[in-house]
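Enquirer: The primary structure of each chain is shown beneath.
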Amino acid sequence: MAFGSSTFTDAAGAVSDLFAAEGHRYKAKGDLFEAENYDRASALATQNEQFTEQSTAIKQQQLDRQNYKVLGGQQADIAGAGFAASGSALDLMAESAQQGALQKAVGAEQGLITEAGYKEQAESYTTMSKAAHMAADAENFAALGADITGGIKGAAAIATLFI
Amino acid sequence: MGVDARAAVARRGGAFYNQAAEAITSTGQRIASTVRDVGQVADDYMTHRDISKGSAEGTTIVANANTQWNETAKKADPNDPSTAQKFLTETLEPALDKFKEGFTTERSQQWAEQFTSQYRKHMFEKTASDMSSLAGIAVQQNVHKTVNQLASAAASDPSSLDFALKTIDHAIGGMVSSSPNLDAETGARVNSQLTQQAKEAVVKAAVSGMITKNPNIDLDAIQKKYGEFIKGDEMKTFQKAAQTQAKVDALQQKQLETYTRQTNERAAEKRSNDIVTKNVAIDPQTSRPIIKPEFFSDALDVAKMPDAPQGLARTLIDWGEKQLVKEGKIIDDPIAKRDLTDRLFDPDHPTTRIDLMKAQTAGKISDHTFQSMERLVTELETAPLKGPVWQATTAAVKDALIVNVPGIPGKDSVGTTNYSTFMQTFVPQYLAKERAGTLPPNALDLKDPTSMISQSLQPFKRTQAQRMQDYVGAAGGLGAKPEPAVQPANQQTRMVGDVPVPIALNGVAALQFNKAKGLWRDQTSGTIYDAKGNEVKP
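So the protein sequences, as listed, match chains A and B. Using my numbering, read the first sequence as starting at 3 and increasing by one per residue. Using my numbering, read the second sequence as starting at 92 and increasing by one per residue.
Don't take each hint at face value.
With a Cα cut of at most 20 angstroms, we get these calculated EDC-like pairs of lysine to aspartate or glutamate [stated by the list, open to error]:
#1 B:369 x B:385
#2 A:132 x B:95
#3 A:121 x B:374
#4 A:106 x A:149
#5 B:449 x B:472
#6 A:31 x B:113
#7 B:369 x B:430
#8 B:449 x B:490
#9 B:628 x B:409
No wet-lab data here; the hints were simulated from the structure.
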């Protein structure tokens with residue numbers, strides 16, 4: 003082995019590998035950046051889920067209160083009209099109570115659906131974050147490998163000058 | 092409550108972060124792409140630069156390594172298996188490592204690695220191959236040595252041929268199989284080629300040896316037994332060789348007989364000389380030989396020696412008898428004396444002691460001349476003067492001292508006597524100076540009047556008128572004095588300084604005259620003579 007094409011092939015390989023290592027490191031940074039943002043997105047989704055749960059509970063209370071108000075108004079109206087709470091008055095009140103219960107049930111169901119959506123979204127972004135971390139680790143490992151191979155090729159290029 | 096907004100913030104914020112991350116990552120990718128592009132350009136440039144430079148260096152390394160290996164292989168022991176490995180690890184690898192250090196980029200290093208790998212592989216194969224080749228050559232050389240020894244043994248002892256052939260199989264097989272660097276292919280090739288060649292060589296040597304020992308050997312039987320090692324034309328050559336050997340044997344036999352005869356003749360002549368040396372002494376008073384009784388019995392022994400020259404013993408005995416019954420004084424025969432003197436320097440038939448004895452026995456030379464020439468013969472036996480320079484010198488001296496005019500009848504007896512006397516005087520002096528190492532370089536230069544030979548010739552020179560008078564006078568010419576039968580014609584003409592030499596002393600080569608006492612002295616023997624030439628006894 004001596005100075006020759008292998009010298010420059012090795013030197014070129016070293017340069018290429020060292021630059022490739024830097025590229026891998028940039029990719030790792032990008033992956034970590036993505037992971038960080040996916041983590042944040044996941045946290046936001048989780049937060050949205052909690053907000054939805056609280057919001058649904060509040061809406062349930064509002065519906066309960068509205069139903070009480072409707073039924074209370076009907077009882078008052080019936081009573082005010084002098085009707086006895088029987089017959090059609092009861093039917094009307096029962097229907098109102100059913101309507102209120104239905105709205106509450108629908109609201110509760112909608113809240114659960116929305117929570118589930120946010121939860122799914124949070125889990126999805128968490129998974130993506132993990133994948134991005136894994137990719138970053140792989141890129142860093144690739145950068146380390148490229149550093150090593152670049153160093154070896156550089157050393158080989160220098161060695162051709164002496165052997 | 093704000094959940095959706097927060098979720099929307101998360102999604103939108105994450106989207107922004109993702110957008111930022113994508114932007115950063117995209118920026119990093121663009122920077123990385125830029126780094127790669129710029130780096131590729133730099134890498135291309137540096138790789139090209141390294142490879143361009145490395146190519147040249149690689150060529151140098153290859154050349155150097157090849158040279159170093161060749162040098163190593165030249166000096167290496169072909170049988171040392173560590174030579175190639177040692178070169179690869181201690182020489183080539185350090186060079187290749189150093190070569191690779193110069194490459195800085197990955198691709199240039201890959202190029203260098205490929206280059207060195209290929210060259211290393213090449214050098215591994217090359218060194219192994221070279222060492223195998225060297226090992227093959229070494230085996231061949233060793234085999235040649237073995238074969239030469241076996242061929243030599245078979246030639247001198249043809250009965251060892253079958254043993255030699257078995258030894259070849261054993262020796263060559265052993266050398267090839269035990270060579271650590273020889274690969275299988277080279278080994279097999281060397282084994283097969285050398286074995287046949289070696290056997291052919293040994294068989295031929297043995298057959299030649301057989302023919303040398305017995306030219307009538309049965310060549311057909313040899314061809315039947317060893318036909319695979321002898322070609323048809325070679326058998327014809329052997330047949331001719333056998334015929335030639337028969338002739339050579341006959342000639343050698345004759346030469347041997349001649350050599351034996353010559354050796355025996357020389358032995359007889361040496362024995363004759365020894366007999367004379369042992370049994371003959373010269374009386375200093377009378378200059379006459381004193382002969383021991385054993386002389387004659389020893390001379391008879393010479394006759395019994397094998398191949399003794401005809402008449403040799405007879406000459407010795409005749410000479411001895413002549414000395415015992417000698418009467419009166421014998422004067423030298425100039426012709427005989429000249430012949431003996433001429434032949435002193437003859438390379439083929441030099442004057443011998445026996446020749447002198449024959450001449451003395453025949454009464455042709457005096458006792459004094461015999462002694463003088465015998466001493467000269469002894470000197471020349473020790474230090475021969477028979478080269479072309481001496482031949483030319485003696486011929487020139489002869490021309491200077493002896494008159495010979497073609498077409499005019501005459502005989503220069505004085506010149507002949509002077510020539511003999513000069514030689515008896517000059518040669519001992521010349522040899523003495525030669526032995527002492529004091530011989531001047533111009534000693535034999537007749538053109539130089541100051542040379543030793545010119546100075547020595549001076550006393551023997553005559554005027555032109557005297558020379559012609561002596562020449563025609565001997566033939567009875569007008570106004571000439573007739574030459575005495577036994578005396579030199581110009582006895583008054585020989586002068587020592589301004590003193591004429593007495594006739595009786597003409598035979599003495601080196602004379603000295605004491606004017607105060609009126610006495611002559613023979614410088615060679617020391618003998619003293621009165622004014623008339625009569626010996627004065629102390």
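Enquirer: Each of the hints needs a verdict: does it hold here or not?
Expert: Verification of the supplied hints:
1. B:369 x B:385: holds (9 angstroms)
2. A:132 x B:95: holds (18 angstroms)
3. A:121 x B:374: Outside the cut-off at roughly 179 angstroms; violated.
4. A:106 x A:149: Between residue 106 of chain A and residue 149 of chain A the Cα gap is close to 64 angstroms, so the pair fails against 20 angstroms, i.e. violated.
5. B:449 x B:472: holds (19 angstroms)
6. A:31 x B:113: holds (13 angstroms)
7. B:369 x B:430: violated (27 angstroms)
8. B:449 x B:490: Given that 20 angstroms is the threshold and the Cα spacing comes to 27 angstroms, the pair is violated.
9. B:628 x B:409: violated (30 angstroms)
Of the numbered hints stated above, those contradicted by the structure are hints 3, 4, 7, 8 and 9, listed in ascending order.
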